[in-house]
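Student: Please build the complete structure, drawing on both the sequences and the hints.
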Amino acid sequence: MGALRRHAPAVLAHLAVLALWAWATTWGGVPRFILPGPLETLRALSAPQIDWPRHLAMTAAEAFGGFALAVVIGVLLAVVFTWSAALRRGMMPLLVTLNLIPKVALAPLFIVWLGYGLVPNIAITFVISFFPIVITTARGLAEVEPELIDLVRTVRATRWQVFRKIQLPSSLPYLFSGMRVAAVLAIAGTVVGEFVGSEAGLGFVMMAAQGTLDTPAMVMALILITLVGVALYALVVLLEHLTVTVDARLR
Amino acid sequence: MRASAEPFLSLRGVAKTYRAGGRETVAVSDVSFDLAEGEFLALVGPSGCGKSTLLKILAGLHPHDAGELRISHPGFDPGRDIGVAFQSPLLLKWRRVLDNVLLPAEILGLPMAATRDRARDLLALVGLAGSEDKFPYELSGGMQQRVSLARALVHDPKLVLLDEPFGALDALTRERMNLEIRRIWSSSGKTVVMVTHGVQEAVFCATQVAVLTAGPARMADHFAVELPEPRELAIRNTPEFGALARRVYDRLGLE
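For the record, the sequence lines run as chains A and B. So in this note's numbering, spot 233 of the first sequence is number 233, and the numbers just go up one at a time. So in this note's numbering, spot 127 of the second sequence is number 127, and the numbers just go up one at a time.
Among the hints, a few may not be true.
These stretches of chain A come out as covered by chain B in the derived footprint (C-beta under 8 Å, 3 or more residues) [stated by the list, open to error]:
#1 140-148
#2 167-179
#3 194-205
The following residues of chain A were derived to be distant from chain B, with all beta-carbon distances above 10 Å [said to hold, decoys possible]:
#4 VAL17
#5 LEU114
#6 LEU238
#7 THR243
#8 ALA248
Bear in mind the hints are in silico, worked out from the structure with no lab data behind them. Keep in mind it's a predicted model, so treat the numbers as computed, not measured. Using N, Cα and C, we set each Cβ at its ideal position, and we do this for glycine too.
Tutor: Next comes the structure, spelled out in C-alpha cells:
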C-alpha cells in the first residue's frame, strides 16, 4: 500500500502523457502522417514487412553488449589507475581529451573499419558509454578516508586487502552513478550506429520507414528503442539496489 | 599494574618534524613519559599541538625522527597488538555492525568462529547487544562510535589508541560515552592512550594526564589523576577534580 502510494504520482504522470497523445491524435487535429495515435502505432506491430522481434533483438544485443563491454573495460582501467599513479597521471588527461570527441561522429569511421552490423554498433555503444564509467569509478576508488587506511595499516593490511575490503566496495556507488549516466548514452550510441549503417535493428527500421513515410512504424520503433533503454537502466538500478546500502547510494 | 622496573610504554625525547615545500614544522618536540600497563593516559592540548601526530607515532603509522619509543611487553607485536579509533567512526557502510567489528580480525587472519563470538561479547560490552545485523546508517552517531570502539578491541590488542573519539558527539552523548569508556577500560584491563582537547574529559577519564601545548609543540605537564574509583560524573563537582582541571588549564595558559 505504501509502495503504491509512493509510486502513484509517477504512474499517473506516465498515464497522463499517454492520454494527451491519444487526445491530440483523436480530437486535437494532429494529422496522422505527423503523429499517429496510440492504437494505430500499436497496429504497426502487425505489419508483415517488418520482422519486429529480430530488429528488437539486434538493438538490445548492441545496447547491452556495448554497455557490458564499457562496464568491464571501464572498471578494469579505473582499477589499473588506482594501482599505478604514473599511468593515472598520463592517461586520465588523455581520456578527458578523448572524451571531448563527439562520439557519434565516430560512427562513419567505425563502419569503414569494422564493416556493417553488430560489431561497429557495439563499438559505438562502447565508446559513448565508457567514459562516465571509467571516470566515476576511478574517483570512487581514490576517495577513501585516509584515516580508514591508517586504521587498517595498524594491523598491517596489505595493499590487496585495502583494495578488496575497502576501496573496491566503497567505489560501488560511484560505479553505479557512472553506469546510470552510461546507460542513457549507450542506447543513443546504438541507434546512431544503426542510422549510419546497418541492415537490422530498430534504428534501421526507423530509417526504412522514413522512406515510405510510415510514421506508425517510426513511432513504434522509437517506443521499442526507449523500452530497450528503460530495460538497461532498470537493470543498473536493480543491481545497485542489490549491492549498495540505501545511505551509500549517490543521487 | 605490574611492578616491574620496565614501564609498558616509555618515550624519551620523542620528536617529529614535517618538511613541506622547504619549510619545517615541528609537530612534536621532546615528549617524554612512562606509562605502566593497564593505565589510561589522556593526551590533552589545543589543536595544532601535535597530539594526533604523537598518537600516530605510537600507532607506528608515522616514524619519529628523534628520541626513543619503547614498548616493553613480552611478545608485543605492533602489527597485531594495537587497536585504534578516531573522531569519525569510519564504519564501512556496506557491512553490518558485526562485520564492521570483525574487520581488523579478518585482516589479521584470526580464526573467525572464535572471533565472531568475541565480537558479539564486545558489542554487548559497548551496549549494542542486538544490533549485530544492523547497517551503520541505522545507528546514531554515538552508537556508531561504540561500534568503532568494539572494532578497536576485537583483535584483543594490548594498547588501545583513541584520537578524540568523542569529539564529534553532542555534549550529553559525550558525557555518557566518558562513563562508557571508563567502564570498558576497567573491564578490559587494556592500556589506553586517548587524545582529547576536553580538559574535563581528560581528567575524568584518565589515570594519567599529559598536557601538550602548541607553538612550540611540547609537553608541558604530566601527572597522575588520583581520584576515587569507580568514578561518577558527580566527581567533577569535587574540589579535588577542580584542582586537577585547573592545573591543566593553567598549563595550557588559559587561567
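Student: Taking the numbered hints from earlier one at a time, note which ones the structure violates and give those numbers from smallest to largest.
Tutor: Structure breaks hints 3, 7, 8.
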